[in-house]
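Trainee: Each chain is listed here by its residues.
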Amino acid sequence: MSITTFVIVSIIKIVITLVVLLTAVAYTVWLERKVVGHIQNRWGPTRVGPFGLLQPLADGIKFIFKEDLTPPHVYKPLYIAAPMIALVFALTSIAVIPVGNWVTVAGVQTPLQITDLNIGLLVVLGITSLGVYGVALAGWSSNSKYSLLGGLRASAQMVSYEISLGLSLVGVLILAGSFSLRDIVNAQAGTFWGFIPRWNIFQGQFVAFFIYLTAAYAETNRVPFDLPEAETELVAGYHTEYSAMKFAMFFMAEYANMITVACLASLLFLGGWLGPLFGPPALQMVLPLFWFGLRVFGFLFLYIWVRGTLPRFRYDQLMAFGWKVLLPLAIGNLVVTALVVALRAG
Amino acid sequence: MQLHLVLFVIFGVVCVAGAVNLLVQRHPINSALSLVVVMGALAAEYLLLGAEFVAAVQVIVYAGAIMVLFVFVIMLLNAGEEERTTGSRIALLFGVPGVVAGSLLIAWVLLSRFGAQAVAIGALPGPPKVIGWLLFHDFLLPFELTSILVLIAILGAVVLASHPEAQPKKER
Amino acid sequence: MVPLSYYLALGGILFACGVTGFLVKRNIITIFMSIELMLNGVNLSFVAFAAQWHALSGQIFVFFVMVVAAAEAAVGLAIIIAVYRTRETLNVDRVNLLKL
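Protein chains in written order, with this note's numbering: chain A, 10 to 355; chain B, 724 to 895; chain C, 2 to 101.
Keep in mind the hints are simulated off the structure, nothing from the lab.
Positions of the beta carbon are idealized from the N, C-alpha and C atoms, including for glycine.
It cannot be assumed that every hint is accurate.
The following label-pair restraints were derived from C-beta to C-beta distances [what the hints assert, rightly or not]:
#1 A:I183 - B:I733: 52 to 62 Å
#2 B:G879 - C:R95: 20 to 30 Å
#3 C:V66 - B:V823: 47 to 57 Å
#4 A:S19 - B:H727: 12 to 22 Å
#5 C:R95 - A:I340: 42 to 52 Å
#6 C:R88 - B:L815: 21 to 31 Å
#7 B:I871 - A:G341: 14 to 24 Å
#8 C:E89 - B:F866: 17 to 27 Å
#9 B:V747 - A:D125: 34 to 44 Å
#10 A:A329 - B:P820: 52 to 62 Å
#11 A:V16 - C:S58: 28 to 38 Å
#12 B:V823 - A:L66: 50 to 60 Å
#13 B:I733 - A:T55: 43 to 53 Å
#14 C:F23 - B:I871: 45 to 55 Å
Here chain B is said to cover these stretches of chain A; the calculated rule only asks that three of the stretch's residues, wherever they fall, bring their Cβ under 8 Å from a Cβ of chain B [unchecked claim]:
#15 141-153
#16 223-231
All chains, please: the whole structure from these sequences, using the hints.
Mentor: What follows is the structure in structure tokens.
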């Protein structure tokens with residue numbers, strides 16, 4: 010493939026991915042409001058459009074027209090840069106996430122992924138670690154005690170749970186033998202005994218799956234680990250002093266992180282886009298997308314369900330849990346997986 | 724390959740600009756953030772040399788953990804802008820031209836000695852598999868020693884940064 | 002093709018900036034960050050030579066330098082916090098109780 014074709018195809022993929030991701034973020038907000046509403050025995054948004062489906066559009070327009078107030082004592086450069094940092098890093102990790110097989114469109118073969126790096130998983134972990142800066146700098150630059158405390162707590166929490174997050178993924182890496190996300194999914198092809206799919210969650214990474222989910226909930230600052238931004242505790246934590254578009258950027262960053270976590274969980278533990286393929290070739294190109302979307306939707310629903318159901322942890326309980334329970338469990342899972350793989354091979 | 728040179732120059736300029744900004748800024752938080760930019764540009768330079776695992780580890784460990792620690796401490800201690808003292812003025816007057824002259828001399832020596840030996844783009848691919856093999860076979864002892872070092876550092880940091888304990892009251 | 006000396010020169014410039022910062026700056030944390038800058042310049046030289054001589058041990062050494070830098074940053078920052086608690090300042094010139 011010549012270099013101009015490659016650049017054009019990449020730009021098309023980037024545009025499509027961004028549009029899909031931003032729409033998904035907006036409609037995840039809608040889904041959350043509806044589901045949490047129904048859990049709490051009330052309707053969610055119902056007035057704007059059928060089933061309130063145009064509510065994200067109305068919210069977007071509201072955010073654009075809201076007064077963008079900059080409090081006088083903030084540290085201006087970082088105050089303006091922090092939401093942009095948070096949003097940029099939240100949106101970037103979608104670049105290495107594959108959603109399907111190689112497809113042939115108009116005679117050009119391309120994977121359904123912006124780039125297939127052979128250190129793909131490390132890139133996602135790196136971008137997650139960089140996302141801490143958005144939170145920490147927002148809390149500090151706002152020059153207010155609620156924001157500083159919220160920012161410090163949130164960043165300490167994110168850094169602590171990053172370790173368990175990374176360690177829980179090493180078991181998957183040992184089984185797949187590669188950091189490339191596409192290779193990890195392809196290693197989960199096939200079935201046991203004809204009907205149980207060979208997903209990593211059935212290949213012994215059951216504990217790792219739950220460690221990953223818990224650590225991811227803490228990474229994205231969602232219930233039950235959302236003390237840093239809880240309204241009853243710290244006003245609004247690190248985004249107390251933000252209004253209008255900047256607040257919307259933090260909001261979008263949080264939901265984009267949720268979507269990235271859901272995509273990663275389905276790729277690493279649930280077999281990605283693998284599923285029964287049938288029908289004409291055009292349908293066969295689109296079906297993996299559908300299976301992938303189904304899994305991601307399931308994880309997002311689980312996120313929202315947990316939010317509606319569980320109370321939140323106190324901060325010291327949260328940190329104690331991360332360091333004293335989750336980290337030893339993740340190390341234990343790694344040791345057991347490595348032992349089993351070594352004994353099976355040797 | 725012209726593209727290689729262009730990319731090298733772009734990321735090199737970003738590195739040097741970040742390093743100079745670290746020196747010029749008065750507030751430590753700005754210096755910390757310019758150091759993060761330097762580390763990011765260095766990760767790109769490592770990728771140009773083919774060291775992909777090192778680039779990933781640079782971003783995850785250096786830019787994503789060590790510098791976060793620096794930013795934490797600056798936030799916690801609420802470090803303000805630094806003051807100019809006589810010591811730093813003298814150092815500026817004599818030191819900066821001295822260092823510039825010294826580094827120009829070194830650069831000139833390097834360019835004349837190593838001359839035209841070129842490094843191809845992605846010259847030495849460092850896939851994680853091979854690096855892992857080396858780490859656990861040839862370099863196993865240093866690997867284990869560094870893990871003990873990190874354990875000592877954790878213990879030291881926890882002890883040094885903890886609040887001094889109050890004397891237990893004997894009379895009650 | 003980028004000549005090896007260009008990479009070494011870049012590493013040297015970063016190292017020189019680190020040395021300058023270490024000698025000129027008066028804030029303890031900025032001095033510490035200049036040390037990290039020096040280490041980064043050295044890392045670039047390691048990786049450049051590893052590519053030139055096709056020896057992966059250069060990249061392994063960078064890995065160890067990063068681990069040592071992490072350990073040193075943790076302990077150093079803890080010491081800085083302890084110094085701040087007793088002397089209430091981050092200016093190196095004010096931590097001079099042992100001076101004659």
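Trainee: All hints are to be evaluated individually against the structure, with a verdict given for each.
Mentor: Hints, one by one, checked against the model:
no. : hint                        : in the structure
1   : A:I183 - B:I733: 52 to 62 Å : violated, 38 Å
2   : B:G879 - C:R95: 20 to 30 Å  : holds, 25 Å
3   : C:V66 - B:V823: 47 to 57 Å  : violated, 26 Å
4   : A:S19 - B:H727: 12 to 22 Å  : holds, 19 Å
5   : C:R95 - A:I340: 42 to 52 Å  : holds, 44 Å
6   : C:R88 - B:L815: 21 to 31 Å  : holds, 24 Å
7   : B:I871 - A:G341: 14 to 24 Å : holds, 21 Å
8   : C:E89 - B:F866: 17 to 27 Å  : violated, 41 Å
9   : B:V747 - A:D125: 34 to 44 Å : holds, 41 Å
10  : A:A329 - B:P820: 52 to 62 Å : holds, 54 Å
11  : A:V16 - C:S58: 28 to 38 Å   : holds, 37 Å
12  : B:V823 - A:L66: 50 to 60 Å  : holds, 57 Å
13  : B:I733 - A:T55: 43 to 53 Å  : holds, 52 Å
14  : C:F23 - B:I871: 45 to 55 Å  : violated, 28 Å
15  : 141-153                     : holds (count 6)
16  : 223-231                     : violated (count 0)
Hints 1, 3, 8, 14 and 16 from the list above are not met by this structure, while the remaining hints are.
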